[in-house]
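Protein chains in written order, with this note's numbering: chain A, 1 to 196; chain B, 1 to 344; chain C, 1 to 653.
Hints were generated in silico from the structure; no laboratory data involved. Certain hints may be false.
[What the hints assert, rightly or not] To give a feel for the contact side, a few chain C residues facing chain A, derived at Cβ under 8 angstroms:
#, residue
1, S93
2, Y426
3, S447
4, F451
[Unchecked claim] Pairwise CB distance ranges (calculated):
#, chain 1, residue 1, chain 2, residue 2, range
5, A, L90, B, G22, 45 to 51 angstroms
6, B, K282, C, H253, 16 to 22 angstroms
7, C, A142, A, S171, 16 to 22 angstroms
8, C, K398, A, S171, 34 to 40 angstroms
9, A, P164, B, H333, 35 to 41 angstroms
10, C, V14, B, G22, 18 to 24 angstroms
11, C, A569, A, E102, 53 to 59 angstroms
12, C, H253, A, A12, 52 to 58 angstroms
Don't be surprised by glycine CBs; every beta carbon is placed ideally from N, CA and C.
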Amino acid sequence: MQTLYLAIVILALLAIVCGAILGFAAIRFKVDGDPIVDQIDSLLPQTQCGQCGHPGCKPYAQAIANGEAINRCPPGGETTIKALADLLDLEAIPLDAEHGSEAIRTIAYIREDECIGCTKCIQACPVDAILGAAKQMHTVIVDECTGCDLCLEPCPVDCIDMLPVEVTSASWHWQQPEQLIATSNLPHSRGESDHA
Amino acid sequence: MALVNISSPHHHGLSKTSRLMGWVLLATLPGLAVQSYFYGYGTLINLLWASVLSLGFEAIVLGLRRRPIMPYLTDGSALVTAFLLALALPPFSPWWLTLVAVLFSIVFAKHLYGGLGSNPFNPAMVGYALCLIAFPVSMTQWAGTEATLSFSQQWQWFWLEYIDGGIDAWTRATPLDLMRHTKGLTLNEVASTNPQLGLGLIANMWVNVAYLLGGLFLLAIRAFTWHAPVAMLAGLGLCAGLFHMGEPDLYPSASKHLLTGATMLSAFFIVTDPVSGATSRKGKLVFGAGVGILVFIIRSYGSYPDAFAFAILLMNLAAPLIDTYTKPKAYGHQPKKPHSQGDK
Amino acid sequence: MHKIWNFHGGVHPVENKTQSNQLPIIVMPIPAQLTMHLSQHIGKVAKAIVETGDYVLKGQLIACAQGFVSANVHAPSSGHVSAIADRTLPHQSALSGPCIVIDTDGKDQWATLSPTANPESLSKPDLLNLIQAAGITGMGGAGFPSAVKLQPKINIHTLVINGAECEPYITADDRLMREYAAQIIAGIQLVQQLIDQPHCLIGIEDNKPEAVAALTYAADQHTNIEVCVIPTKYPSGGEKQLIEILTGKQVPHGGIPADIGMVCQNVGTVKAIFDAIILGRPLINRITTVTGKAAANAGNYEVLLGTQVADILAFAKVDLAKTSRLVMGGPMMGFTIQDTHTPIIKSSNCILAAADLELAPVADHHACIRCGQCEVACPAQLLPQQLFWFAKAEEFEKAQDHNLSDCIECGACAWVCPSQIPLVQYYRYAKGRLKTINSEAQLAEVSRLRFENREQRLVDEKLAKEEKRKARALTAAAAQAAKRAANPSAEDPVAAALARVNLKKQAKTNAATQKSTEDEYKELKTAAAITRTKLNKTRKALTNAQAQDHEQAQALQQTVIALTTKAAAAAAELHAYEAKLGLDPEKEKTLQLAVAKANGVVRKLEKSLATAENLQQLEAEIFNAKAIHEAAGLALEEHQANAKEKPTSTQES
Numbered sequence: 001m002q003t004l005y006l007a008i009v010i011l012a013l014l015a016i017v018c019g020a021i022l023g024f025a026a027i028r029f030k031v032d033g034d035p036i037v038d039q040i041d042s043l044l045p046q047t048q049c050g051q052c053g054h055p056g057c058k059p060y061a062q063a064i065a066n067g068e069a070i071n072r073c074p075p076g077g078e079t080t081i082k083a084l085a086d087l088l089d090l091e092a093i094p095l096d097a098e099h100g101s102e103a104i105r106t107i108a109y110i111r112e113d114e115c116i117g118c119t120k121c122i123q124a125c126p127v128d129a130i131l132g133a134a135k136q137m138h139t140v141i142v143d144e145c146t147g148c149d150l151c152l153e154p155c156p157v158d159c160i161d162m163l164p165v166e167v168t169s170a171s172w173h174w175q176q177p178e179q180l181i182a183t184s185n186l187p188h189s190r191g192e193s194d195h196a
Numbered sequence: 001m002a003l004v005n006i007s008s009p010h011h012h013g014l015s016k017t018s019r020l021m022g023w024v025l026l027a028t029l030p031g032l033a034v035q036s037y038f039y040g041y042g043t044l045i046n047l048l049w050a051s052v053l054s055l056g057f058e059a060i061v062l063g064l065r066r067r068p069i070m071p072y073l074t075d076g077s078a079l080v081t082a083f084l085l086a087l088a089l090p091p092f093s094p095w096w097l098t099l100v101a102v103l104f105s106i107v108f109a110k111h112l113y114g115g116l117g118s119n120p121f122n123p124a125m126v127g128y129a130l131c132l133i134a135f136p137v138s139m140t141q142w143a144g145t146e147a148t149l150s151f152s153q154q155w156q157w158f159w160l161e162y163i164d165g166g167i168d169a170w171t172r173a174t175p176l177d178l179m180r181h182t183k184g185l186t187l188n189e190v191a192s193t194n195p196q197l198g199l200g201l202i203a204n205m206w207v208n209v210a211y212l213l214g215g216l217f218l219l220a221i222r223a224f225t226w227h228a229p230v231a232m233l234a235g236l237g238l239c240a241g242l243f244h245m246g247e248p249d250l251y252p253s254a255s256k257h258l259l260t261g262a263t264m265l266s267a268f269f270i271v272t273d274p275v276s277g278a279t280s281r282k283g284k285l286v287f288g289a290g291v292g293i294l295v296f297i298i299r300s301y302g303s304y305p306d307a308f309a310f311a312i313l314l315m316n317l318a319a320p321l322i323d324t325y326t327k328p329k330a331y332g333h334q335p336k337k338p339h340s341q342g343d344k
Numbered sequence: 001m002h003k004i005w006n007f008h009g010g011v012h013p014v015e016n017k018t019q020s021n022q023l024p025i026i027v028m029p030i031p032a033q034l035t036m037h038l039s040q041h042i043g044k045v046a047k048a049i050v051e052t053g054d055y056v057l058k059g060q061l062i063a064c065a066q067g068f069v070s071a072n073v074h075a076p077s078s079g080h081v082s083a084i085a086d087r088t089l090p091h092q093s094a095l096s097g098p099c100i101v102i103d104t105d106g107k108d109q110w111a112t113l114s115p116t117a118n119p120e121s122l123s124k125p126d127l128l129n130l131i132q133a134a135g136i137t138g139m140g141g142a143g144f145p146s147a148v149k150l151q152p153k154i155n156i157h158t159l160v161i162n163g164a165e166c167e168p169y170i171t172a173d174d175r176l177m178r179e180y181a182a183q184i185i186a187g188i189q190l191v192q193q194l195i196d197q198p199h200c201l202i203g204i205e206d207n208k209p210e211a212v213a214a215l216t217y218a219a220d221q222h223t224n225i226e227v228c229v230i231p232t233k234y235p236s237g238g239e240k241q242l243i244e245i246l247t248g249k250q251v252p253h254g255g256i257p258a259d260i261g262m263v264c265q266n267v268g269t270v271k272a273i274f275d276a277i278i279l280g281r282p283l284i285n286r287i288t289t290v291t292g293k294a295a296a297n298a299g300n301y302e303v304l305l306g307t308q309v310a311d312i313l314a315f316a317k318v319d320l321a322k323t324s325r326l327v328m329g330g331p332m333m334g335f336t337i338q339d340t341h342t343p344i345i346k347s348s349n350c351i352l353a354a355a356d357l358e359l360a361p362v363a364d365h366h367a368c369i370r371c372g373q374c375e376v377a378c379p380a381q382l383l384p385q386q387l388f389w390f391a392k393a394e395e396f397e398k399a400q401d402h403n404l405s406d407c408i409e410c411g412a413c414a415w416v417c418p419s420q421i422p423l424v425q426y427y428r429y430a431k432g433r434l435k436t437i438n439s440e441a442q443l444a445e446v447s448r449l450r451f452e453n454r455e456q457r458l459v460d461e462k463l464a465k466e467e468k469r470k471a472r473a474l475t476a477a478a479a480q481a482a483k484r485a486a487n488p489s490a491e492d493p494v495a496a497a498l499a500r501v502n503l504k505k506q507a508k509t510n511a512a513t514q515k516s517t518e519d520e521y522k523e524l525k526t527a528a529a530i531t532r533t534k535l536n537k538t539r540k541a542l543t544n545a546q547a548q549d550h551e552q553a554q555a556l557q558q559t560v561i562a563l564t565t566k567a568a569a570a571a572a573e574l575h576a577y578e579a580k581l582g583l584d585p586e587k588e589k590t591l592q593l594a595v596a597k598a599n600g601v602v603r604k605l606e607k608s609l610a611t612a613e614n615l616q617q618l619e620a621e622i623f624n625a626k627a628i629h630e631a632a633g634l635a636l637e638e639h640q641a642n643a644k645e646k647p648t649s650t651q652e653s
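The whole structure should be built from the sequences, with the hints applied where relevant.
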């Protein structure tokens with residue numbers, strides 16, 4: 001009987017000590033905020049395009065943290081899905097076609113002659129990348145544009161074009177060489193330049 | 001003429017995979033010759049059979065994997081695997097043993113992992129280890145050196161596994177086997193009760209010396225760096241020497257360890273396999289030393305007499321880890337101590 | 001003898017230098033056209049300061065450096081500027097970049113130069129200004145503006161002069177050192193004067209004994225200039241490698257030689273500095289090797305910058321039919337060009353016109369067997385085979401962890417690779433992707449901040465509005481309370497109330513009369529819309545009801561009829577009002593569009609005017625378009641004026 005009591009006492013003591021340690025750790029190493037949402041957010045392309053069905057990347061990050069699928073971001077494409085899968089220890093799944101397909105990066109340009117200065121695009125731009133005032137011609141700050149397309153729809157005169165980002169000699173780079181001899185009879189074109 | 005657009009460098013050295021493999025094949029020849037001298041035609045027959053099989057399997061698997069066959073067949077890697085297997089298998093191995101070994105090496109250990117360059121384990125050693133586990137008796141029966149079979153006898157044995165007059169007279173346990181299973185006797189007592197041990201050791205020694213020569217040739221033409229083989233021999237030699245000093249009755253001397261079994265063949269032809277080994281020089285040192293130490297441990301305490309296959313496979317497993325911890329410091333990363341301005 | 005260190009790795013490709021280093025440098029005649037790129041250097045593109053049609057003199061500044069890391073561009077010969085447009089860049093991408101094209105007149109007339117007789121008197125800023133003004137950039141390869149390199153932040157104790165020229169085939173520096181040794185030494189002295197007299201080490205590979213002899217002779221009198229003969233091994237001419245060979249020190253990762261008190265300059269650059277300061281000549285020419293089996297007259301040529309490759313090839317009797325690969329630079333690090341109109345720039349040291357089979361054939365590569373030969377050859381002490389795996393698997397972060405950025409792309413690894421894998425291309429690919437990924441991450445970060453700021457701003461605005469509304473309500477309440485408090489017992493509450501009622505009534509009638517026509521219009525519009533929707537709703541209900549209940553349907557039908565008339569009345573009223581106001585939204589929109597369109601046409605035509613040849617016709621077209629635009633504008637204005645005028649007139653009447 002005595003051994004039983006002893007065991008109970010020891011177990012109880014152990015539980016108290018462990019509880020104390022855990023409690024202390026919870027206070028001492030407290031993490032502020034919800035880092036997983038920030039981590040997810042940092043992997044998203046921040047185009048704020050809303051193609052995922054959320055009003056911006058942060059809300060989608062929040063939704064992913066709450067269990068939404070990770071394949072709803074067309075601008076991020078495969079790369080983002082892979083990164084998210086790595087982060088969240090999920091399986092990388094193909095892009096959900098319902099939310100759009102992966103396309104080359106584009107930037108909005110306003111045909112300035114045709115702009116009537118309605119400011120509608122300015123209000124639509126999620127990153128304040130359009131400059132202008134009422135009845136004045138507007139212009140896109142190219143360096144800040146994320147290519148989200150959100151300014152196209154409200155434009156009453158359809159004067160906004162989405163143009164692919166231009167390749168310069170500074171941004172040009174080699175492509176990966178053609179894969180081995182596995183694909184035999186390939187033409188000698190392993191140095192095809194990148195025009196995408 | 002149309003001008004091409006390709007990335008530099010536009011120059012290329014003379015080095016080629018197929019040439020490298022050719023040199024390796026060439027370097028095995030002295031060992032092959034000596035082995036055949038002592039143990040008869042078995043190794044030669046094996047070698048031919050293994051080469052045919054390995055090229056055949058390689059071609060079939062390449063076809064199944066929809067890869068171009070000729071460029072891969074001619075790179076020589078399948079032949080090297082075949083040679084190593086044939087040299088490592090006992091001269092008395094029958095046709096099916098070689099077939100199983102080659103099949104496993106080429107199909108499972110090599111191509112199922114993605115083919116040349118992608119295999120984490122040395123293919124020849126995988127085939128060898130499999131046979132060692134599955135057919136331990138066949139794998140430890142080596143020919144005696146006192147009387148070799150004629151070619152026709154060997155040929156008959158190879159295909160039919162019997163020889164008119166019986167085989168027992170010619171097969172012997174290997175010296176390592178004898179030294180391992182001493183049944184409580186000291187090594188000297190073993191030697192005195194087994195007269196063929198001395199002969200076996202001498203034959204073994206010459207075979208090893210021949211492989212050493214081949215290996216030195218490969219070193220001279222810089223087919224590989226010295227790091228892995230030297231570290232392996234040093235690791236094995238040091239361990240063996242220390243234990244022999246402690247208990248000479250139980251542990252054979254370092255020279256016996258270095259010159260019996262497949263020591264030199266492994267050191268220069270298998271440990272140096274770049275695909276499954278460690279990458280950096282420091283890594284190769286660790287890899288080689290690891291193999292050496294494991295060989296000693298398994299030879300002394302394991303249940304298999306020779307230990308190269310297991311030692312190498314175990315170290316293959318550890319190679320990625322070794323690579324991680326032996327990453328060399330790149331240029332500009334180590335703050336070198338300031339040199340003097342130079343003597344003028 | 002100066003002590004020589006060794007560097008890790010390196011290879012010994014066949015040198016192939018004798019084809020081009022036997023003859024003295026030949027001055028190439030002035031070509032008919034010179035194409036001066038505005039970015040012949042690392043850094044910002046220079047800005048053209050001449051215009052099409054201008055006459056420029058030899059050595060005249062035609063494009064100005066923009067910002068700190070940039071370089072001036074000068075006219076290499078006299079002539080007219082025929083175009084300022086994009087031309088093929090001497091770059092692997094074969095993309096185009098801004099150029100000034102000069103049609104030379106053959107007079108080769110110099111602009112006024114200001115040579116310096118006694119450079120000792122020049123102050124450091126003077127020297128630096130002269131070098132900067134002359135547009136001198138590194139002539140060995142990368143083309144970094146020299147003036148930037150020569151303003152180190154810390155004390156420089158060693159000046160390393162690069163005469164190694166380790167690339168096979170190239171002999172431009174070799175010939176330069178043989179023929180201009182005195183100028184090089186004088187240039188070195190100028191650089192020494194500029195950066196506090198550091199000790200100078202000239203590194204030359206031992207396969208150039210004549211150059212070594214010439215420089216040793218020229219430097220004989222100078223105790224702080226030493227000629228060091230180094231063993232021939234590629235890539236000893238890499239800046240970092242040469243520094244290690246000559247001093248045993250390594251440039252720290254991510255750093256520059258100046259971090260360890262050293263500056264490295266190419267012999268060609270030093271000669272250009274001499275020309276700039278002593279002769280007052282800007283950098284307008286360079287020595288370029290033309291070699292390869294397809295070149296009948298292989299050798300070194302003094303060419304004007306901007307000379308097109310085609311002209312040089314013709315002068316060196318290169319058989320283009322025999323050439324399968326044109327390499328700008330050496331065979332180890334040079335890049336192929338396909339457009340022979342590509343011009344020479346400040347860093348073009350060689351044109352290699354290779355015959356078929358002269359260089360490594362474009363072969364398919366085999367699988368990597370991790371033989372480790374690349375690791376042995378790598379001068380940056382990297383693990384090329386690992387980098388290759390990471391680049392191939394697109395694991396760029398891992399490649400970065402294995403110090404991909406320290407790769408100097410020398411090509412030694414690919415040179416030794418027994419599987420003939422184009423390793424350098426893999427690294428370039430990985431580097432490019434990493435660069436894109438990093439810039440995208442940067443953009444994403446900026447976008448995130450901007451998005452968050454905007455969200456915050458919107459929330460703030462909403463809150464501020466709410467606050468204002470509350471404040472207004474509060475002040476109103478307070479005012480009322482105060483009012484009540486001020487006259488708690490008004491003369492006569494009833495009279496006051498009556499007065500208030502009267503006031504209110506009056507206000508109402510006033511408001512009614514003054515109610516802007518706009519509001520009225522709006523009201524009408526809403527009324528019409530409401531009746532329309534009501535009608536639609538009832539109609540829907542009717543169709544539903546018809547299917548089920550007869551009685552109800554009949555009742556609904558009545559309502560529908562009533563509503564239809566009501567809606568028609570509302571619409572009619574609206575139309576009448578619109579007519580009264582003279583409003584025509586449809587017309588206004590079309591007019592607006594017409595104006596915008598006409599405006600567009602005018603702008604476009606004006607733009608094309610700048611480049612077009614048929615001036616008169618275009619001008620006429622523009623005149624027409626402008627007229628159309630004006631007419632459209634007038635129509636719109638008239639329409640708007642009408643719309644404004646009408647209501648007032650109707651009100652008056």
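Evaluated hints:
1. A hinted interface residue such as S93/C counts as satisfied when its beta carbon comes closer than 8 angstroms to some beta carbon of chain A; here the least separation is about 4 angstroms, so the hint holds.
2. Here the hint on Y426/C is kept, as its CB sits about 7 angstroms from the closest CB of chain A, short of 8 angstroms.
3. With its C-beta approaching chain A no nearer than about 4 angstroms, S447/C sits inside the 8 angstroms limit, and its interface hint holds.
4. Residue-level restraint check for F451/C holds (minimum Cβ-Cβ distance to chain A is 5 angstroms; threshold 8 angstroms).
5. At roughly 48 angstroms, the beta-carbon separation of L90/A and G22/B lies within the given 45 to 51 angstroms, and the hint holds.
6. In this structure the hint that K282/B and H253/C lie 16 to 22 angstroms apart at CB holds, the actual value being about 19 angstroms.
7. Between A142/C and S171/A the C-beta distance comes to about 18 angstroms, which sits within the given range of 16 to 22 angstroms.
8. A C-beta distance of roughly 23 angstroms is found between K398/C and S171/A, which places it outside the suggested range of 34 to 40 angstroms.
9. Checked against the hint of 35 to 41 angstroms, the pair P164/A and H333/B passes, with Cβ atoms roughly 39 angstroms apart.
10. Checked against the hint of 18 to 24 angstroms, the C-beta distance between V14/C and G22/B comes to roughly 23 angstroms, which is consistent with it.
11. A C-beta distance of roughly 55 angstroms is found between A569/C and E102/A, which places it inside the suggested range of 53 to 59 angstroms.
12. Between H253/C and A12/A the beta carbons are some 57 angstroms apart, a value that agrees with the proposed interval 52 to 58 angstroms.
The structure fails to meet hint 8 from the earlier list, while all remaining hints are met.
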